[in-house]
Amino acid sequence: MPDVNITVDGKKLAVPAGTLLIEACKSVGIEVPSFCYYPGLSLQGACRMCLVKIEKMPKLQTACTTVVTEGMVVSTEIDEVRQARKAMLELLLANHPLDCPVCDAGGECELQDMTFSYGAAESKLIDIKNHKDEQQWSPVVYFDRPRCIMCYRCVRICGEGMDVWALGTANRGSAQLIMPNHSDYLECEECGMCIDICPVGALTSGAYRYKTRPWEMKHVGTVCTHCADGCKTTLGVRRSPTGMQIVRGDNRDKSGINGDFLCIKGRYAFDFASHDHRIQQPLIRREGRHVPASYDQAYEHIALRLKEIREQHGGHAIGVIGSTRTSNEESYLLQKFARLLLGTNNIDHHRTADFPSFAGALARKKDATASMRDVFNAPAILLIGNDPTEQHPLLAWQIRNNVRLHRARLYVVNSSPIKLRRQAASFTQIPAGSEPQLAAFLAGDDSAANALASGEITREALAALRDKLRGEPNLIIIFGSELRGSSIDSLVRFGAAISGAKFVCLGDYANSRGAADMGLYPDLLPGYVPVGSGARFHEEWGAPVPTEPGMNLLQMVDAAKAGRLKALYIVGANPVARYNLDPFALSKTFIVAHDMFLTETALLAEVILPAANAYEKSGTFTNTCGDLQLLKKAGDITTVKSDFEMLLRVADRLGFDLRQLVPFRQAERADLGQSRGAQSGEADRHAIWLEAHGLEPKLSPFDPIAMLDEIQRLVPGYDVSRVELLAGNDQHTSIEAGVASSIASQPELILPANDTLFTSGTLGRYSRTLNSVIENPRRAPADKADREVVV
Amino acid sequence: MAVIKDIAAIAKGMSITLKEMFSPTVVENYPDGPGPLKGAKFQERFRGVHVLQRDENGLEKCVACFLCAAACPSNCIYIEAAENTTEQRISGAERYAQVYNIDYNRCIFCGYCVEACPTDAITHGHGFEIASLNATSLVYRKEQMLAPLPAHLGSNAVFNQAETETGTPAVRS
Amino acid sequence: MRFSDSFESRFTSMLGHYPTKRSVLVPTLLYMQDELGYLTDEAIRDIAQRLELTELEVRNVISYYSMLTTRPRGKYNVQVCRNISCMLCGADDVIAHLKKRLGIAHKGTTADGMFSFEEVECIGACSWAPAMQVNYDFHEKLTPENAEKVLDEYRRKGSQ
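Residue numbers (our numbering), protein chains in the order written: chain A, 299 to 1089; chain B, 193 to 365; chain C, 24 to 183.
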């Protein structure tokens, strides 16, 4: 369609036909105030704040519901309009309590801003304001009725955006109010979108309630540490006796891949960080009991034992288990630590998706993976397995809103009637466990349809679905961990016939993809390079590393049981609970654990080091789509250290040259200062330690950016723009395996997390908010005292 | 003539002296004067150590909105907010200041906090004897600045009651 | 939930009249109310299911319209207009009188369940003010006396 020419306040502009007047004005920097208008939601026209004068129209018009037409002449700054806005504000404020000093929204309230601009705080009404007591709808949602201005934003975001439809409006006129689905409490996904979108303080957060004020906090945009979608969350951080305390999470600035979306975990489940049970100092087991020790004692103890075992039994008697929640730099360092320093390939992690097979199937294919942003813009999406609404909330949001706003066609194939079928153009229910047959069928094996067809799903229907999918250019194919090994090959073969088809493989934890990419595998180096053909790495690392594949996680446990594995170094993982291991199998093994809590695994350790979580360190995370994002440190907790630092300290005690582990001062790229600024602060903090050890304090080995340098040099697909990354933007990495055929992915080791919206592996247990909502099956009573202890 | 002129001049001078002999003293007799203020006199608008006011029910007026801290040019006010409960009601509104510290090492008595306060909770009192050899004792806690409970509400209400009500020193020299 | 055949056939035919299902909500609620006297929780659940809406949405619509109710009402719902025309022609007296006679206030129901009383805004009978509506029937040019007669008539009909 041709552009439409309009004039706004004397400025001539051409905007695409169909643009809303309010957006057209915004595009030339003219702000038309509004409350009810919100980009991406349906139009409401409820607040009447955006009234503007349009020539030849008898009365003022709402800019948010008026579509531009050719030759339209608009005035937004004339007295008539200003007067109308002031009058509207006066009406909105008619029953508003104006309790800004108490209200949590004070300082970031749109109504407050408008009142400052137009000055209508004094009402002409003499009636006493109609007070209603505040209601608690759920542990996280509070509703203060008199503050509400009936803009319907919460109702729309909950219904249209989240597809939950838990909020509605009851009554009419001055008695109208927002109502939760159970009349006095909410049962929903508890995402808190309604709170963040509320332009006033009518809906406030239970977690942040009366804690502080927006200008008193430091706001740090980092990546959520729960599921694998990699939402950006802006943490509000306050100083506290322990160093810092996170008081809220949101993404009001709409930065990052998630826009303003966050689920309950991103918005509230940071509270595990201030849980009482957090380990505050290193613990060493002496005579069967864990006793507190200093960091130096712990490092010394670990180094002594590891050295002893390595010398007596060799590297293959040591195993290493990495984490799905540590940064890429830490995972990379850990595998380097294992291979180079301990001399073992016995390294593994909790696998939640078959990334090696995925990488193998996509070998030498360019642009074959979709980013999280692509999912929002694709014309068609095929979803096989998984339940994104529960396990990948952002992915579900992207799909839902792509269907709603761009009319994408969604094809869902699943063994259970997942919620996303409501958005689907076609939903095919197949028997549980038959996803591999589906992949084979899609790839052209008609005989596989036998296992799929049942009831309404006939062979013809399946064939029709396949034909339809083949005719969908730029299709994004998203699959869960149900597809492994050769099934992924089949699916990729199917996708190869569709022009522009892209793939997403769904892992489960915040950095599951990163852990896989960084080579936490017994047989794979970073970038899915088989251990036997890692010449590049050997050259860079300057020392030979074992070329024989090591033991995987279960083999390590077996070896430990048999007494062959003498030591196990576990960083941020809980394999005992996850794989339901027999704790006695590990009783003869020397175990070191980096952890935040005394988990089932940590309890078995001889030395436990208190670890910082992802909110307390810098680095990068790769989400399940392969989007690389910068992790920014919200602040330091005085009693814990990052896994990165602790690993290096142990390496130092083992007498290893740190330069060989972390290529600091060899950086090829400029790091633009960000890595050493106030944000990261590593260099300053460790300057004294470095001086004492005769090292150059300018760029510290504890600076993860130095490690990122090496990752970007050596790991295929990670060669993304550093400037963009440091600026906080997501960068899509491609997944590519050097040698496709030699990968033995061992799909039987994959154990999906099966988390819901309200659980998050071991971490979820320690979030009071997650456990307090009624939707959580593991709910603990959320009385007030409990809430106050949380943050 | 010169003699008369001199006598006239002396007489004029002495008349002033004599007149002043019978008029009240201007010099303040601080710190040897009577009363709790030890002879010090204040303009009502004098900005001394802050007083955190209470409302007519004896509840704290401060709702921990942090506006004083935001307005403070020397960044000397530290607040921690908390929520009132039905069992324990501290302020009139939903929230109150659990911790309210003013660091008098930094305070410049500019009065911006008083101007910023939406509930008239913080006011400048007339306290000025805060000099100390120990800087840490200059960080005043809420309890040190809080106005006493009104006489009809508590036993502790004798001290400076009149001053609290009128905003002026109770005793004038 | 089981409704009369005439309701079911009306409901089915209405479904075809509108582009979206939820459009039939308001008329359906009215018919349901006519059958049941008021909108029971069960009826709300039922209609929500039929029209693929949430119960919340149905309740929101009900709360918007003053003619829909979720509480039991008397057999005869007496609605007296108090809007300007009626007020000027003496509706206040009629209202005061009827309230006294029935012994109930605005939105009240008599103990025997015969009458509910409501003051309402304009019912579109200004030409014959003051007016009232009893269920679906209009009674015009009221005075306290003839209004009472109307009610007596209903009471007689109702107790048969």
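If you are wondering where the hints come from, they were derived from the structure by calculation, not from laboratory data. The beta carbon of each residue, even a glycine, is placed where N, CA and C say it ideally should be. Please note: incorrect hints may appear among the correct ones.
[Unchecked claim] Covered stretches of chain B, going by a simulated chain A footprint (3 or more residues, C-beta under 8 Å):
| # | stretch |
| --- | --- |
| 1 | 257 to 264 |
| 2 | 274 to 286 |
[Claimed, not checked] List of simulated lysine to aspartate or glutamate pairs, DMTMM-like, C-alpha gap at most 20 Å:
| # | chain 1 | residue 1 | chain 2 | residue 2 |
| --- | --- | --- | --- | --- |
| 3 | A | Lys-430 | B | Glu-286 |
| 4 | A | Lys-427 | B | Glu-286 |
| 5 | A | Lys-930 | A | Asp-558 |
| 6 | C | Lys-44 | A | Glu-458 |
Hints and how they fare:
For the stretch 257 to 264 of chain B, the assignment as covered by chain A holds, since 5 residues bring a beta-carbon within under 8 Å of that chain's beta-carbons and 3 suffice. Judged by the Cβ-Cβ criterion of 8 Å, the stretch 274 to 286 of chain B is covered by chain A as claimed, because 5 of its residues qualify and three suffice. For the given pair, A/Lys-430 sits about 13 Å from B/Glu-286 by alpha-carbon distance, which is consistent with the 20 Å threshold. For the proposed pair A/Lys-427 and B/Glu-286, the alpha carbon gap of about 18 Å is at most 20 Å, so the pair holds.
Distance check on the hinted pair: A/Lys-930 and A/Asp-558 sit about 18 Å apart at the alpha-carbon level, within 20 Å; holds. For the suggested pair C/Lys-44 and A/Glu-458, the alpha carbons sit about 18 Å apart, so the restraint of at most 20 Å is met.
The earlier numbered hints are all upheld by this structure, with none contradicted.
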